[in-house]
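Asks: These protein sequences, in sequence, are chains W and Z. Position in the first sequence (from 1) plus 4 gives the number in my numbering. Position in the second sequence (from 1) plus 4 gives the number in my numbering.
Derived by calculation from the structure, the hints in this document are not laboratory data. Treat the hints with care, since some could be wrong.
In this list, chains with the same sequence are indistinguishable; a pair is considered to hold if it fits within one copy or across any two.
What the hints assert, rightly or not - Result set (EDC-like, lysine to aspartate or glutamate): computed pairs, CA atoms no more than 20 angstroms apart in a straight line:
#1 Lys-315 with Glu-31
#2 Lys-172 with Asp-210
#3 Lys-172 with Asp-313
#4 Lys-144 with Glu-178
#5 Lys-90 with Asp-323
#6 Lys-346 with Glu-31
#7 Lys-96 with Glu-82
Next come the chains, spelled out residue by residue.
2 protein chains.
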Amino acid sequence: MARTLGVIGGGQLARMMIAPAIELGIEIKVLAETEGSPAQLAATQVGDYQDLDTVREFAKTVDVLTFDHEHVPLEVLETLEAEGFKFEPSSKALRFAQNKLDMRKRLAELGVPIPDWAQINSAAELDEFIASHGSVVILKTPTGGYDGKGVRVVRSSADAADWLALGKPLLVEEKVDFVRELAQLSARNRSGEWKPWQTVQTIQRDGVCAEVLSPAPNANFELASQIAERIAVGLDVTGVLAVELFETADGNLLVNELAMRPHNSGHFSIEGALTSQFEQHVRAALNLPLGQPSAAAEYAVMLNLLGTDDKNSFVEHYDRAMNTAPGAHIHTYGKAPRAGRKMGHVTALSNLSLEDARATALAAHQALQA
Amino acid sequence: MARTLGVIGGGQLARMMIAPAIELGIEIKVLAETEGSPAQLAATQVGDYQDLDTVREFAKTVDVLTFDHEHVPLEVLETLEAEGFKFEPSSKALRFAQNKLDMRKRLAELGVPIPDWAQINSAAELDEFIASHGSVVILKTPTGGYDGKGVRVVRSSADAADWLALGKPLLVEEKVDFVRELAQLSARNRSGEWKPWQTVQTIQRDGVCAEVLSPAPNANFELASQIAERIAVGLDVTGVLAVELFETADGNLLVNELAMRPHNSGHFSIEGALTSQFEQHVRAALNLPLGQPSAAAEYAVMLNLLGTDDKNSFVEHYDRAMNTAPGAHIHTYGKAPRAGRKMGHVTALSNLSLEDARATALAAHQALQA
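I would like the entire structure built from these sequences, with the hints used as guidance.
Replies: Here you go:
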């Protein structure tokens, strides 16, 4: 079997892959963007993931490659795949995570439920879509968006004059009147084995994930996991697949976004599942049999730790937080503090209720604030 | 708070401290004996832990130091403590883990139940002890023993002629007629907070730990944890304390051995407890509040993976083992294979029974053999 896993990108997702790799006895190497990245401990190379030669040099040191993010240029991946290097997910799958227009087209072909959408190339096309979709829509740049970036609520083409001026196609979607947002995490390996976690509810604030509740109360797991499996198989995804879903008042689920890597909505699984998303991603990338994703406790709640300013790295408040909430699992990513930055997260489990788990997580969360 | 933890020794115990350090956002550095040690990923220095200058050089790069093993010479620790460096456990505690004669004397002073023992300096003294203790006794070298080394069953001073010839004091103990062996793991921090895990049963083969059952069926947790707390406080232990116990037919518990570090009998806690012994050791060394040691499932069984030859590193058999026992948690330590060597371990949890957990662990264990 493949023994050495290479991860492109040195962020917190790469960081959190290190622990299961250590436990499994799998060697892990990271190509980091900068010195002192969250995944520093496993960083064997620092360089630009957009540069073909840099990525090739790194690829030569490992058996199989995977990703901390989806930003490696498709040409780089395709060139190296043609040279025999192995990426999980492959460029065939990853292109759909990189380009939201391609993703929408492919999901439509697969019959996966998605919001009404269109590719627009002009102000006129945008205004026409707005007129036929309740006068307010979601406009997205096909590439480069994350955590609310590259996404805009628009009521008229005038709201998007800057993006339209770039002369590139944009993705417009109906503004779904959802009652809540869900996420369906699952993983698939090259042999075709596929396993889902429980459906979770995600709560966003300012376009950034703030809370994850596992399981999502009264969620339609059967439907959510069917959608996830259809996407995983249809897009030939390997590794963890996160499917973000809108739930509408009539119980419909519509796919919002996809990620082909461990995802913020799956951090709860480090303590909350028998196999975490990070262990499963490592297993899947190496085409090992997948672990059991079943819950380790009835309920889990994860709260993100967002930077409050450029000083509080939260670590100084561990004493207070651990005393206040001994049952909370506190994680920080070793990042320099900055307001709004994802600095860490807190997870708490409970066999009583989501409210009980949330109270524990929240007590730690509050104690960690400056 | 202290932010950077230094671990002296690069073995599997140091390796398994890396994962919780990553999760907690604590920087961890390892002084390893050799290149390519199990804890290689965090090794920032390679050198001889017996050399004062080497250890001092390492100590300067961290806030607080702890250990993968108890073999750092006491003089080195005492010298560096006098210079202001902080070790957890300190030399004051660690001397009892380093010298079994000192340990027996101190436990006797504390009123902790231990086997009958004596310090002997001659063949005559040994034969006298044998005569008064059922004609078979356990002889131990006070220092340097582990995994059955430095321990011998003797029926006459002739059985120990080589050790007696060294002219150094030896420890002799009655051969306890025990019905089983238990271990009581606990942890204590510098502030005095102390927390025990459940009492476990350990099953040794050829002097090496083979199996750990958690919890030990019908064990006297109250007594075992009382003993552990008396030792932890009485010896001023910080970090994880492992107390190995003999259980006699009448339900008495006698202290066999001590270790002041994470211990093989506590590996089950990685998945089997809300806070693993490795996370707890990291917390305790940094004098952070301790996590909850309560069980994550009703039952946990850990089986050691001992090297079968100089080829099987077990990793080649992951496919088979993970398919056979999807619920098993497989760990390997990245060591070069050698017959009898501790290469890894397998843990399985169950809410049904120890037998159920053991069956899962055993299925994986067997599938990992060549």
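Asks: Against which earlier hints does the structure fall short, listed by number upward?
Replies: Of the numbered hints, 2 and 3 do not hold.
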